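Novice: If you read the protein sequences in the order shown, they are chains A and B. So the first sequence is numbered by the working numbering: it starts at 1 and just counts up by one. So the second sequence is numbered by the working numbering: it starts at 288 and just counts up by one.
Simulated from the structure, these hints should not be mistaken for lab results. Among the hints, erroneous ones may be present.
Derived EDC-like pairs (lysine to aspartate or glutamate); straight-line CA-CA distance at most 16 Å [unchecked claim]: (1) B:K760 <-> A:D103; (2) B:K657 <-> B:E531; (3) A:K225 <-> A:D237; (4) A:K94 <-> A:E107; (5) B:K306 <-> A:E4; (6) A:K225 <-> B:D431; (7) B:K551 <-> B:D565; (8) B:K760 <-> A:E107; (9) B:K447 <-> B:D431; (10) A:K228 <-> A:E178; (11) B:K317 <-> B:E429; (12) B:K763 <-> A:D237; (13) B:K763 <-> A:E266; (14) B:K787 <-> B:E721.
Since the model is a prediction, treat every value here as computed from it, not as a measurement.
In case you want the letters, here they are:
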Amino acid sequence: MSNEHIDEVSGISTTGHEWDGIRELNNPLPRWWVITFYITIVWAIGYTIAYPAWPMLTSATKGVLGYSSRNDVKTELAAAEVAKAKYAAAIQSKTVSEIAGDDALREFAVAAGSAAYKVNCVQCHASGAQGSKGFPNLNDDDWLWGGTAEQIQQTITHGIRFASAPDTRLSEMPAFGEVITGDQIAQVSAYVTSLSGPVQNASLVEPGAQVFAENCVACHGDNAKGNKEFGAPDLTDAIWLYGSGETAIAAQIRAPKHGVMPAWIERLGETKVKELAVYIHSLGGGE
Amino acid sequence: MLDNTQVERLEAEAVNSAKVRQPLYAPRKKIFPKRASGSFRSFKWLVMAITLGIYYLTPWLRWDRGPFAPDQAVLIDLANRRFYFFFIEIWPQEFYYVAGLLVMAGIGLFLITSTVGRAWCGYTCPQTVWVDLFLVVERAIEGDRNARMKLDAGPWTARKLALRVSKHTIWLVIAVATGGAWIFYFADAPTLIGEVFTGTAAPVAYFTIAVLTATTYTFGGLMREQVCTYMCPWPRIQAAMLDENSLTVTYNDWRGEPRSRHAKKVQAAGQPVGDCVDCNACVAVCPMGIDIRDGQQLECITCALCIDACDSVMDKLGKERGLISYATLSDYNANMAVATAGGSCSVNPSLVRTDGGAFSDKLAHFHIRKIFRLRTFIYMGAWSAVGLALLYSLLTRDRLEVNVLHDRNPQFVTLSDGSIRNGYTVKLLNMIPEPRTIVVTMQGLQGAEMSVVGVDLPADRSFAVAAEPDRLKTLKVFVRQPADQVGGATQTFKFRVEDKASFETDEYTATFNAPEIAR
Numbered sequence: 001m002s003n004e005h006i007d008e009v010s011g012i013s014t015t016g017h018e019w020d021g022i023r024e025l026n027n028p029l030p031r032w033w034v035i036t037f038y039i040t041i042v043w044a045i046g047y048t049i050a051y052p053a054w055p056m057l058t059s060a061t062k063g064v065l066g067y068s069s070r071n072d073v074k075t076e077l078a079a080a081e082v083a084k085a086k087y088a089a090a091i092q093s094k095t096v097s098e099i100a101g102d103d104a105l106r107e108f109a110v111a112a113g114s115a116a117y118k119v120n121c122v123q124c125h126a127s128g129a130q131g132s133k134g135f136p137n138l139n140d141d142d143w144l145w146g147g148t149a150e151q152i153q154q155t156i157t158h159g160i161r162f163a164s165a166p167d168t169r170l171s172e173m174p175a176f177g178e179v180i181t182g183d184q185i186a187q188v189s190a191y192v193t194s195l196s197g198p199v200q201n202a203s204l205v206e207p208g209a210q211v212f213a214e215n216c217v218a219c220h221g222d223n224a225k226g227n228k229e230f231g232a233p234d235l236t237d238a239i240w241l242y243g244s245g246e247t248a249i250a251a252q253i254r255a256p257k258h259g260v261m262p263a264w265i266e267r268l269g270e271t272k273v274k275e276l277a278v279y280i281h282s283l284g285g286g287e
Numbered sequence: 288m289l290d291n292t293q294v295e296r297l298e299a300e301a302v303n304s305a306k307v308r309q310p311l312y313a314p315r316k317k318i319f320p321k322r323a324s325g326s327f328r329s330f331k332w333l334v335m336a337i338t339l340g341i342y343y344l345t346p347w348l349r350w351d352r353g354p355f356a357p358d359q360a361v362l363i364d365l366a367n368r369r370f371y372f373f374f375i376e377i378w379p380q381e382f383y384y385v386a387g388l389l390v391m392a393g394i395g396l397f398l399i400t401s402t403v404g405r406a407w408c409g410y411t412c413p414q415t416v417w418v419d420l421f422l423v424v425e426r427a428i429e430g431d432r433n434a435r436m437k438l439d440a441g442p443w444t445a446r447k448l449a450l451r452v453s454k455h456t457i458w459l460v461i462a463v464a465t466g467g468a469w470i471f472y473f474a475d476a477p478t479l480i481g482e483v484f485t486g487t488a489a490p491v492a493y494f495t496i497a498v499l500t501a502t503t504y505t506f507g508g509l510m511r512e513q514v515c516t517y518m519c520p521w522p523r524i525q526a527a528m529l530d531e532n533s534l535t536v537t538y539n540d541w542r543g544e545p546r547s548r549h550a551k552k553v554q555a556a557g558q559p560v561g562d563c564v565d566c567n568a569c570v571a572v573c574p575m576g577i578d579i580r581d582g583q584q585l586e587c588i589t590c591a592l593c594i595d596a597c598d599s600v601m602d603k604l605g606k607e608r609g610l611i612s613y614a615t616l617s618d619y620n621a622n623m624a625v626a627t628a629g630g631s632c633s634v635n636p637s638l639v640r641t642d643g644g645a646f647s648d649k650l651a652h653f654h655i656r657k658i659f660r661l662r663t664f665i666y667m668g669a670w671s672a673v674g675l676a677l678l679y680s681l682l683t684r685d686r687l688e689v690n691v692l693h694d695r696n697p698q699f700v701t702l703s704d705g706s707i708r709n710g711y712t713v714k715l716l717n718m719i720p721e722p723r724t725i726v727v728t729m730q731g732l733q734g735a736e737m738s739v740v741g742v743d744l745p746a747d748r749s750f751a752v753a754a755e756p757d758r759l760k761t762l763k764v765f766v767r768q769p770a771d772q773v774g775g776a777t778q779t780f781k782f783r784v785e786d787k788a789s790f791e792t793d794e795y796t797a798t799f800n801a802p803e804i805a806r
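With the rest of the complex left out, here is chain B:
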């Protein structure tokens, strides 16, 4: 007889046994956000209307700049390398204005985040705005949360197919309109829209529309919250911007816990009970599909819809609003200390209320003063400094410039009468959309005279040229100094340009080279 008790049992386990097996990837858990209503939802509708309005309508605004420049208020003219923004025209070398605006946007985000948390994410980020728009379509066609969940779980019927097809069709229409609006920033919008519809626009226009249609449809319709959670770096960076005095969407455990669906029963049993009735309204409306009651978390974009959802429940129950509210971590901690008697017990809601049921006056409340702290002052200061510097630069910038390139090979030429000649490439920048007459004058360099290649003028110390509107004019200028006037191997002098009509001037200090032995 075999006695299997004598066989040694080994401590071994398959590495992929059911007990230790881990999934390599996980499917997305579908989220069906319920429609919320309340003051934050209304504010978000307003923000959505404004941001979408700005995006779609801006290219159609007109701005008269005269006959020599486009009349589109906002235009990025890549072909001619000009950027027009209402009364401002930017040439490529003035790109620092754009860089400055980006710096301001960065510091501005720091400022906003340190005061009101991830407001950018929750209200104004294009991802949030377009997802909101796509959800409006989804709700209009498939119904609210429960109807959508039922439809999604149900079999593929003709009705489901019809609903899904119409939803995706409208999404695609929105996506095409979004991609279509983008290209109007880069060309004259009324002309381009005609070209787009008649099939005569540049291939790059159609390509751009196609790419942005694809990204809008994918990110807004299909990816949604996953863009924020997995793809966007901002949640990580913004987390570092928050501190204990930043306003964030907070579930106030100190008055909500212990939560109970049967508050009256629990109360009757003499147990403490908080304001949270565990109705999950806050979870149902969340576009990120999270539970704010688990505390501040990476996924939360602080859209504040859970505040609206909870407030309406509190209203129904006749309790104070604000179980979920914008609160700072320091206030929250202070109130938690009150509710737990300094951490000595679990949350006891009776500790935050007086005998009459009103809130205890020991509770901390947000005060506007918390916004004004050293950190926000520094952000505000830096933001203002960059802004003022840009503004000053913009108001005092030159619209007439001269740049000079000295010929280096040869640096100088000795002419037959012994005089010395130097060559220069003179670039006149007429940065306004009007033709001008520019007078170029030499200052210094005794006895020297200029002649211009291609301009039939007698050599002189001054000449006038016509500059085309909004263009760079390049002149080849020869400067000739008589031998007996040469004052050394290197002399400096100035090219001065002036518009006699507007009195605008600019100068460039150039050098004049001569051989060492020139008399």
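The shape of chain A in the complex, shown without the other chains:
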């Protein structure tokens, strides 16, 4: 206390702290401040008793009020389920076309379908539904099995070439490598390519047309426009599931690849499948 410094102007001792000649007066705290401080301490103790707080060996104290943020989430989720119930009921009872025609229902189904898509479909069809080689792009207007909401629903429900589903969509292109000669494959490849773009060797196109007429029209049609009844692709458009160009086409003729899509009805249920169908239909290519 010997080095105590008394401020000249106020006559109050200072704390000994000094900044550039400015000293801190050692005034007593206001009483209300001290009381408030003690109240906050009491409050804090009460709070840790009322709410989960003190860490113990395996968990924390539960708090006498029994509050839990997890319960809050549960309550909110239950409330959200209740709020969704009327939409779910409407989706259950209506056809996909009816759902797509109702603004509010469509909005709900698209949101729900989008969420279901991200969990179940992105593995093959990719996150933007743009697909990849062998997995169809769902944004475009080319549909192997039809692009109406009902046809999409049918495809999702029963799948494609999915052995365990009795009503699955089924088709198979024969492996023409065992039926026609290599020259004929080259010719028909050139012909098919010519339907949508330029070819390397124009002289192959005319004999190719002959081969096509003899072997392919049954499924792909006289005009090569395909047939959605049995998933025969349109060969005149710009979209090629297994790659464009004569080489890729020849490979698909010689030994075709056949993609498989699972039937989703058992796993997702009818409501989710309908929501997915409405969502896929809304991506811009729906018919």
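Since chain A is already given, all that's left is putting chain B on it; use the hints.
Specialist: Then chain B, alone, in the frame of chain A:
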């Protein structure tokens, strides 16, 4: 025999001995401000009436905005995220207007403080206004300073209890009214007041009233000057805004000292005597409980009531007013130099007066010129610049806007005929409370056409949609360009929106992506 003189005496002292003991905390010293009267008091009554009037009445003003918007002149509609201020409507993205007003308020405070000191604190701060209001109630019920001090010191009688209960009841009524008025800024006031009284208003309304009632009652009635001294940061900041040319409430030592209660006796004894008769009127009226004669200090809110108190005493004594006055530090210092003969002696009031008793013409007086100095010009310039920028922005702002979000996944889709399609989320902002028909047109992107999801229109380069009043309309738009027209992997084009009735337009430049190998 024991000889205690042989025991060594140690240099020791208890750390908490009475000599060095310091209190850890101190109770508040109660302040009983006396009623003042004078020109500053009258001005403060006027300011109080205006500020309280603005606060309580504003929510009840009506402003016709048509059938699609509320008719409350000032309304902060949190649920719909709109702010209405007479003819101005602000959407959340226009919050910069509020930010700009806050910047102006800040610079405005700098400007005011650098010219007339803590005028904000002394006259218009809500804390000051409400404390003043609470003191009016206190005086009306318990009497003026002396009566209140007597009552406070006296025992708890039935009369004291009755007076205290009625005082606190009226305070609480004011506090409830203050908290109650606040919520009317956030909802339609006539509807809400009915709901409040029938118990059907939202819980948050009652909660807000309760919180503001508590703060008003505590700060205005119980804490009073302690809010300014201990809790408010402004006194510290404003102190840095003052300079030697700022007007502050000043006790003019140069004419007041040496103060004396017995001026005639002292004069007769041949001693110098100043104008201050040490009547303590300035201390008695001070709502902060300080003595202005100790000089400029942190606690002083420059309410100027001490000027009124001192002036009325000077009038009675037949002396010039202004012993306590608004003065600048530079004038004060100049006059002190006169009174102390350049600091060579203590204050001698005869030095500031002529032989006839009038003030010497060597004294400095405040001149209006002192307000106009570089510092205040800079503040004024900055304040005006922000204000003009806001005004310009307000007058030229768009009430029709378009925002476009390009689909990124996938960026483009090749369709069966080889054409390329891009998807866009187009947001139309109709920012007026009237329904409008908005025409959306594409500019650029040769051969491309738009189609809108959910709108049954043939693909075209232009379409019209109905926009609801004061709402955002979101459209999903697909743009399709034929393969032979695609001009590169990235092309830019414009979405142009137009209201054909008002000719308002807005544009958004969007990009159109195509695969690298597209023809």
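Novice: All hints are to be evaluated individually against the structure, with a verdict given for each.
Specialist: Hints and how they fare:
no.	hint	in the structure
1	B:K760 <-> A:D103	14 Å, holds
2	B:K657 <-> B:E531	10 Å, holds
3	A:K225 <-> A:D237	8 Å, holds
4	A:K94 <-> A:E107	15 Å, holds
5	B:K306 <-> A:E4	13 Å, holds
6	A:K225 <-> B:D431	102 Å, violated
7	B:K551 <-> B:D565	14 Å, holds
8	B:K760 <-> A:E107	14 Å, holds
9	B:K447 <-> B:D431	15 Å, holds
10	A:K228 <-> A:E178	26 Å, violated
11	B:K317 <-> B:E429	15 Å, holds
12	B:K763 <-> A:D237	26 Å, violated
13	B:K763 <-> A:E266	33 Å, violated
14	B:K787 <-> B:E721	14 Å, holds
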